[in-house]
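Chemist: Residue numbers (my numbering), protein chains in the order written: chain D, 1 to 353; chain P, 1001 to 1353; chain F, 2001 to 2353.
Hints were generated in silico from the structure; no laboratory data involved.
Any given hint might turn out to be false.
[To be verified] So the derived list for chain F, only partly shown, Cβ under 8 Å to chain P, looks like this:
1. 2060
2. 2074
3. 2100
[What the hints assert, rightly or not] With the Cβ distance kept under 8 Å, some of the chain D side facing chain P (calculated, not the full set):
4. 60
5. 64
6. 67
7. 91
8. 344
9. 347
10. 351
All residues carry an ideal CB built from backbone N, CA and C; glycine is no exception.
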Amino acid sequence: MSTLDLPDEWAIRRDQLRNKRPPQNLQPLFHLLHPKQFDRQFLDQMCDLTTDIRTLAKTQHGLARLQGLLSHKRAMLYFTQPSTRTFLSFNNACHILGIKTSEIRDSATSSEVKGETLEDSIRTFSSYVDVIIMRTLGKGLAEKSASLMDSISRPIPIINAGSGKDQHPTQALLDIYTLERSLAHRGGIDHKVIGMMGDLSRGRTARSLAYLMKNYQGVELVFIAPDRFTMEPDILDYLTRHNIRHSQTAELTRVISELDAIYVTRIQSEHDASDGSRDINLADYTVDLSNIDLMKEDAVIMHPLPRGAELSPGIDDDPRAKYWRQERNGMWMRAALLTRIFGAEDTLYEIAR
Amino acid sequence: MSTLDLPDEWAIRRDQLRNKRPPQNLQPLFHLLHPKQFDRQFLDQMCDLTTDIRTLAKTQHGLARLQGLLSHKRAMLYFTQPSTRTFLSFNNACHILGIKTSEIRDSATSSEVKGETLEDSIRTFSSYVDVIIMRTLGKGLAEKSASLMDSISRPIPIINAGSGKDQHPTQALLDIYTLERSLAHRGGIDHKVIGMMGDLSRGRTARSLAYLMKNYQGVELVFIAPDRFTMEPDILDYLTRHNIRHSQTAELTRVISELDAIYVTRIQSEHDASDGSRDINLADYTVDLSNIDLMKEDAVIMHPLPRGAELSPGIDDDPRAKYWRQERNGMWMRAALLTRIFGAEDTLYEIAR
Amino acid sequence: MSTLDLPDEWAIRRDQLRNKRPPQNLQPLFHLLHPKQFDRQFLDQMCDLTTDIRTLAKTQHGLARLQGLLSHKRAMLYFTQPSTRTFLSFNNACHILGIKTSEIRDSATSSEVKGETLEDSIRTFSSYVDVIIMRTLGKGLAEKSASLMDSISRPIPIINAGSGKDQHPTQALLDIYTLERSLAHRGGIDHKVIGMMGDLSRGRTARSLAYLMKNYQGVELVFIAPDRFTMEPDILDYLTRHNIRHSQTAELTRVISELDAIYVTRIQSEHDASDGSRDINLADYTVDLSNIDLMKEDAVIMHPLPRGAELSPGIDDDPRAKYWRQERNGMWMRAALLTRIFGAEDTLYEIAR
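In isolation and in its complexed conformation, chain D is listed as follows (with noise of 0.2 Å):
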């Protein structure tokens, strides 16, 4: 098992902190849109963003020197879908920093709102704010939002935080560095076996996940998934072409011992009725306490959540699960993407002196 959770890891850490100094090469970051606008070099310093922001969190001086880094911003947290799990993750890396919130999230609520256009309501919220994260269920509305940014004379960041089975940056964001942290002890994400389980037809956690391949050396994916719920062409297509090593089983119990990770992910219920999944075992596409010994002994078991019967609970303490520190990570990678967005690491790397 991994050493990364021992206290003294965290006091070396904070040690290295007292003496870094942020990136020579860092590139402003104004909207945050789409999971392509991520490369290898800008992956790699939000990981580490993200860890530097952690470790100064573990004390409750760093803590309290964190609020003040950004306590001078708004930010507009606007969930016309609602998402509880991603709409508190992003409140508390807002509250970490010291951002003030505002939120609508629920249709009620922004009724007159919706009396109006889309540009006119994100840039009454830019009036106010400095930031504005948004969660939408039509597709290309955090793009459309940040077109209208882009044109006016006062623009502010767009933050993409979900928009309907379209994109979810955010969340690539997250499972990278959760997976490139359990597998540290290891070379990070390079060269390793990683498994994809449940819905990759229309699961886009899993999509984007694929997508981000390409920016690791020699990483194998495998899709495990029923027929009916294949990884979709465009994926493999663009796996060829970048020459990304991948494979697809309906058959997890063939897989599972070569795995260095597993994303999880739900065969969704609300789908099921038109298209025969109710024909499907869904016990053959489950974690659980009969098949978790078959896996690596340092294998990492992850899913996006929240999560259905494809993840017993049964296996929750089992070290290898890093579902649950996986969503914590989402809480901090947000902190380190408004940090990063809005260009405060040196006024970080100042703090953790």
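We have chain D already, so just place chains P and F on it with the hints.
Modeler: Quick look at chains P and F alone, frame taken from chain D:
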């Protein structure tokens, strides 16, 4: 009338506070679930801490210092049973101490969470915050959540902010505080005659307060209720076992002049239809201008609020009416509770110097 | 075009602010209920204070200091009539000054409160916070709440954030501020020709603005509306009594070139069905690319937002379009209002040094 509210008294308290040290015998408090956790020492310590925080908050400088006390903490207010009063009281208690708050206040907002188990929702909240304050319609859910916390590697405290018709321990604390403070010039709760009136069979506030009287010396309880709404046998047996004197009557006028305090509660209309409370003359269980002068000159009138017709706004200006102060005390007691749960007493008394 | 927005001007203002003292003749302000409270001195002081706060907020250091100004205060935003724009404006005004906010924004959340009288709800809020900002569907409720406060021993200020079709005094303040600022290079509002267009009979914003013109010298008002929506006789009589020149027309093109400013409002569709506004050609009461060039070069175009078809997004980039700035001014004016209500001007100018 009491001299408790003269500015001079607060000035004296402020002077005393400068030299005060936290009690030496403080037991750590983690979850707050049930009034049965409260013994006399705990109640006295909490009353004392509440008054000290109020004292500190009497000046702008003190308020400014208090905000730094727990500004590194984050709270989740998870209120699936709406309760504006308890919500606002806790929310502002958090704000007084600098605690950042996230909230779920209705079923619509928590729709996604509903797709998962309570355990997974609670564990998710615990990923993001440092304390969960929860109010639920069903009973036992705070206890269940606390058990989950006790089983994981990164537990956080659970505060029960009311669970259906079951328990409401922070209401019991604020009731005790108000009673003790309002009677302080006469030696506190010990040896007092305390009336409880209204629907005593289903009202959890009166039940909890009666239960807590075992912690005080020589208290005599007088239950005033129509036959259908008398105190349940479990509490009566409990009082008998603990040698707490108590009596019952259906006629307020027979006992009103003997009471040192009266705790008025509603006979709730929503229960009425099925059990014939329509036959009851509610005016018989009312405190108003027609009978307040029958009360002792320094009697204490309390009510958990919101009120119905049983408590006339006409007596709000009477110095014996303590229910608005009782409501406000709830905020201060909850601030004290959070201070205690996070073990911040030492810092508090440093701040006060 | 005005030079008001050049960075240089803000630098000059910042320098001036360092030597500034608060006015000596400040009257304490408690409740803010109705535009009739505003005289010229008050309006000028509020405009001045708003600009000073904006000036201070131009730097990160200033913003950080502003957050400490009222960080010991807590506000209740009680919005039983949803209004996203006004809510966000007030919420962020509070955040700028460090005021902690609690909110009730829809009927579902306030269900429990509904079981009690408005007086008891308002008194409950006053137990927990230092100011109540309320927006209601019914008229007169802010006044009623203020009367309650004036009768109790621990009153807090009430701010009317809009009461149905009745009054919306903070909108009037931000309209005055925007008009005064936008015309500052030409001597301010005095002696200007100001058009008001749209549904003037029911639009409270235009009515309030017309009413406040008695505070300025030599203003001429031009009401532009279809016959069914002309300004009501009460306002016309009032203007006549106060010797304020005014005229009415149904034809924008006849007057557009003479206006120093135009305040555009909606002819609201929800009223249309019953009174035949379907016969009206709404295009006649619209500002867009087809007629903006008929306006003076330095005319001011305002709108309370949200807009309908009467104000074309096509003119948003025109330097005469001030409505987005007007919206943003609302937040700054509300921050100034809170500063004034809490009597924090002295501290503000200390901060600015």
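Chemist: Does each hint hold? Answer for all of them.
Modeler: Each hint, compared with the structure:
{"no.": "1", "hint": "2060", "in the structure": "violated (20 Å)"}
{"no.": "2", "hint": "2074", "in the structure": "holds (5 Å)"}
{"no.": "3", "hint": "2100", "in the structure": "holds (4 Å)"}
{"no.": "4", "hint": "60", "in the structure": "holds (5 Å)"}
{"no.": "5", "hint": "64", "in the structure": "holds (5 Å)"}
{"no.": "6", "hint": "67", "in the structure": "holds (6 Å)"}
{"no.": "7", "hint": "91", "in the structure": "holds (5 Å)"}
{"no.": "8", "hint": "344", "in the structure": "violated (18 Å)"}
{"no.": "9", "hint": "347", "in the structure": "violated (18 Å)"}
{"no.": "10", "hint": "351", "in the structure": "violated (14 Å)"}
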